[in-house]
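*Asks:* Same order as they appear, the protein sequences are chains A and B. If you're matching positions, the first sequence starts at 1 in our numbering and goes up one per residue. If you're matching positions, the second sequence starts at 1 in our numbering and goes up one per residue.
Source of the hints: derived by calculation from the structure; they are not laboratory data. Among the hints, a few may not be true.
[What the hints assert, rightly or not] Here are the simulated DSS-like cross-link-like pairs (lysine-lysine), alpha carbons at most 27 angstroms apart as the crow flies: (1) B:Lys146 - A:Lys187; (2) B:Lys231 - B:Lys247; (3) A:Lys18 - A:Lys6; (4) A:Lys6 - B:Lys11; (5) A:Lys186 - B:Lys215; (6) A:Lys186 - B:Lys202; (7) B:Lys215 - A:Lys164; (8) B:Lys202 - A:Lys201; (9) A:Lys186 - B:Lys176; (10) B:Lys267 - B:Lys245; (11) B:Lys194 - B:Lys138; (12) B:Lys114 - B:Lys138.
Given next are the chains, with one letter for each unit.
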Amino acid sequence: MIITKKKDRGKLLQTLDKYNSFYLIGCSECAALCGTGNDEALKEMAGDLQAKGKTVTGMIIPKTGCQTLGTKVELKKDKEALDNTDCIVVMSCGAGTQSAVEIYPDKAVYPSNDSLFLGNMTRFQMFDERCSLCGDCVIEKTGSICPVTNCPKGILNGPCGGMKDGNCEVSADIKCAWVRIYERQKKLGELDKMEEIIPAKDWSAKQGPHKLYTRGDKEAAGDSKKSKEKKEK
Amino acid sequence: MSFKEALESGKFVVTAEVGPPKGTDIAVMKHDMELLKGKLDAVNVTDNQSAVMRICSLAVCKLALEHGLEPILQMTCRDRNRIGLQSDLLGASVLGIHNVLCMTGDHVSAGDQKSARPVYDIESVQLLQVVNGLNNGKDMSGADLKGATSFFQGAVVTPESNPIEPQLMKFEKKVKAGARFFQTQAIYNIDKFKEFMAFARKFPVKILAGLVVLKSAGMANFLNNFVPGIKVPQELIDEMKAAGKEKALDTGLNITARHIKQLKEEKICDGVHIMAIGMEDKVPTILERAGLL
Ligand code: SF4
Ligand code: SF4
């Protein structure tokens, strides 16, 4: 899921000050789990805006904010409120915010959150980054623990000299990713994997903006021809 | 005799480290270089050590050459992507700098530019492969170079790392990737170092033991507590304590000299790398006491 954090509320309200009426869009997926786009968060935002003398014409928590088409259908139901609004505030990740831009190209749209990373919720509202979407997954060679993400230097071939008693140079709070990989591969009897040099990564797979069409029908095929060939790999 | 020739001839080599200053005033560094001239087989020039921004290693290596010292260009992967690294390597080569020490580099969070975006496009093992490639006339994407480099490439290893196994596995990878010599993290326990050497001797590479001069018992405790991969044994700490404030530095110099002597006489490794950290001017004293001058 995409981990989001509320922006500084004072600064946000300052940015929004030139508008008078607002419509709020949350998201029932990641942002709801992060507490940045759920019912409570939206009500709090409405309260803050009203306290500044602003009007809130309506609010909605679409099923999946980054599902542009579905969100468009859901927003249709609230057409009137949206038409009477100067500004839409989207309380999801940056992707959800840009869904709103696509649906309402002529209206002001602002994000209320910062999108931080792709994370796992390990306990209620505790999020850890495990994958940074590098586009060229190597973890079949590293005991399915990602060194690109779990090592702050993204080292692919073993621990750096900064590792101290199994902990990371950058913070003693995290275990060195390569010690974790080593211990796991040792346990599984797969240390031979660690002897293999992993070559330099092909970062071109990470170059955005990405496009991927998996529909396989004519329309999608026509579209994907336009995108670069390497993206189809 | 070049650094490489010296190592290959079986001579016990001595290298030391020069840290480029932060700013354009290089008077002290020049003075140190004059002092070191003729006394070392090569001098390492650190690359924005501890992620603190300073004069670049490449420029100071050139200055070292001008002062009659053979430089070892330290190169980290923190600040440059593969284009920058290869381009600097070609630049070093045409300037007459032919030794390179390949490192991943301390993380920016340790340094003085904490908001920087760290690069780490590649890391130490891969950088060694790149140098190997350039020596064979190929860049990283496999294209032919107009004129190859002839680098003597080295890497670092931490014999006191805990746990040690993954560190030794990485050492092997570095050998496989083309490392010809290693300079170690500071070692203080010669008997333990012998254990590492028993392992390292299985590989066709030269090993220089890293030595950091102790200035006080407090510094020894600091190294033990805060610097990864360094373990100062209690008896050395006691020796420093016994020396008292006035004789502490002198005792530290003696310890380093004593270690050099032992490493050389017992043929434990192929040379030493002295990291004087701000006391480059004391290196000749150490070498004198070690009987190397
Ligand atoms: S290597 Fe790591 S960052 Fe890349 S796709 Fe796999 S898990 Fe994600
Ligand atoms: S200590 Fe381990 S996790 Fe931390 S930067 Fe070094 S290799 Fe990566």
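*Asks:* Does each hint hold? Answer for all of them.
*Replies:* Consistency of the hints with the structure:
| no. | hint | result |
| --- | --- | --- |
| 1 | B:Lys146 - A:Lys187 | 48 angstroms, violated |
| 2 | B:Lys231 - B:Lys247 | 22 angstroms, holds |
| 3 | A:Lys18 - A:Lys6 | 21 angstroms, holds |
| 4 | A:Lys6 - B:Lys11 | 63 angstroms, violated |
| 5 | A:Lys186 - B:Lys215 | 41 angstroms, violated |
| 6 | A:Lys186 - B:Lys202 | 23 angstroms, holds |
| 7 | B:Lys215 - A:Lys164 | 23 angstroms, holds |
| 8 | B:Lys202 - A:Lys201 | 30 angstroms, violated |
| 9 | A:Lys186 - B:Lys176 | 21 angstroms, holds |
| 10 | B:Lys267 - B:Lys245 | 33 angstroms, violated |
| 11 | B:Lys194 - B:Lys138 | 38 angstroms, violated |
| 12 | B:Lys114 - B:Lys138 | 35 angstroms, violated |
Hint compliance for this structure: hints 1, 4, 5, 8, 10, 11, 12 are not met, and every other hint is.
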